[in-house]
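Novice: These protein sequences, in sequence, are chains R and P. Take 0 as the starting number for the first sequence in numbering that gives the first Met the number 0 and just add one per residue. Take 0 as the starting number for the second sequence in numbering that gives the first Met the number 0 and just add one per residue.
Hints in this document: simulated from the structure, not taken from any laboratory. Source: prediction; values computed, not measured. Note that the Cβ used here is the ideal one computed from N, Cα and C, for glycine as well. Be careful, since some hints might not be right.
[Stated by the list, open to error] Here are the in silico distance ranges between beta carbons for each label pair: (1) LEU56(R) to GLN70(P): 33 to 39 Å; (2) GLU110(R) to GLU312(P): 39 to 45 Å; (3) SER157(R) to ALA71(P): 27 to 33 Å; (4) ARG193(P) to GLU19(R): 45 to 51 Å; (5) ARG195(P) to GLU19(R): 51 to 57 Å.
Below are the chains, spelled out letter by letter.
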Amino acid sequence: MRLGDRPVNASDYPFPPSVEILYCDHHDWLHGWLRRRLGNAADASDLAHDAFLRLILKPASRGFDSFGEARAYLRAMAQGMCINLWHRREIEQAWLDTLAARPEEYAPSAEHQAIVLEALHEIGAMLLDLPPKAARAFLMAAACQMTDKEVAEELGVSTRMVRKYVAQAMLCCLRSQARQTLDDLSAGGRA
Amino acid sequence: MISGSAIPDTAQSDPPHEAMEAAAEWYALLRSGEATGGDQARWQSWLAASPDHRRAWGYVETVSRSFAPLQATPDPRRTADNLWAANGRVIRRRRAFAGIAVLAGSGLLGWAGWRHAALPGVVLAGLADHRTGTGELREIVLADGTRVWLGAVTAINEDYRAGLRRLKVVAGEILIDTAPDPARPFVVDTPHGRLRALGTRFTVRLEDGGSTFLAVYQGAVEVQTGAGDAAIVSAGRQLRFAATLGSQETADAAREAWSRGVLVARDIPLEQVVKELRPYRTGHLGVAPEVAGLRVFGSFPLRNTDETLAMLESALPIRIQRTLPWWVSIEAKGEAASR
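When you get a sec, could you build the whole thing from the sequences and use the hints?
Specialist: And the structure:
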């Protein structure tokens, strides 16, 4: 059993550290951290499990050589996971609310619903990173196919402003799309 | 970026920032409802001018395509408004994480872990009326006296109204013992169809492959698939269906024992035992192909899967390999001993 009270930034891990070392040193801490934030042990177990699975599947992600770095990485990862979990559940709820407002005869298939949910999550995640006004204008323009004039009336701004918001939002999305494509390519190159 | 520089122009390099900026502006103009024929022509020549422009525009198309499923919903405006409200709740919650800025959907994590977990069931399950987690079994009694047992990792929604008693299975497996009510039919909906109980005890399970499994132990159940196929399944019979009906087989009456926390195996392959155990364990439980086909007999406790694994280990030529506490694989005995 390794000790948790070592100096934080010493290079005290073999590089890269094995999953076993990381598991012994950090699993209980990570599980407790997640449980306190999520308020439930089952979700905490699932996320902790996913976090270590990630470390196994992507050895390149274990690019740290000390206890302190590993913990900082896991903490950042755990925060992202919590936000993602909440986001996905909120998106689910939003979709259920949408469905609940529909007449009985509208019953999309499970596959179709899965596609819509994926799209909602992807778009929702994109919008989270945008300035709120640009995000709102972009959503109305792109999802509801409203003209600039309609969006402008709704938001109480000029059409010029709407055009600017839409371009700004699209540019952010293009950048993250390009980043993602690069990640995918480099991940493919390593495999 | 300077074209003709030493960096080869492969798909791995980003389109230059100016091209991305221009593409975003063209998009904003062309969809504004105010673009003229002249704008269209200018856009065409911009596009023709450089491969960077075309690559940047390709990204525009990818991003705008991601909105297509939303546009196709019956009321895109409501869908978008609900999405907006959901995002607002997440943003407020994200602020509660003081310190490090966290971006959902950032490259660090992604959703691979959730995708493999049978979407959308796993997420819908979080919001269901009745749910169980890993390793949990629960019996509930509904308002009319109908008894429902939920297997592990199961979620159902309850919808009782004046003319109808309806349960919807979102994930997992339930066993139902219906209470009679001549005025209100009892139905169970799954993504694949509707089951109407004709005075009865039956089990319904959503399976990974995208089908519904039904086994009837008492009475009969009328099945109607989403595609309109229909059949009556009587006591002692079971079948699988998705859009169309599978063939009816003799039901394994012993399977019903899961509702009492017992896995009864009567000459079933080890692989199937493992499949039945998985919802009752946290973490990975794998079985090596050489031993997957071993036949299993016996009764095993579902609530204590470690004990079940130990029982299997003593009865069969297998070895339980614990790589990590949550990573367990079942291997052939000889193979493990030689390590």
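Novice: Run every hint past the structure and note whether it holds.
Specialist: A quick look at each hint next to the structure:
1. LEU56(R) to GLN70(P): 33 to 39 Å: 35 Å Cβ-Cβ, so the 33 to 39 Å window holds.
2. GLU110(R) to GLU312(P): 39 to 45 Å: Distance hint for GLU110(R), GLU312(P) holds at roughly 40 Å.
3. SER157(R) to ALA71(P): 27 to 33 Å: holds, 31 Å
4. ARG193(P) to GLU19(R): 45 to 51 Å: holds, 49 Å
5. ARG195(P) to GLU19(R): 51 to 57 Å: holds, 53 Å
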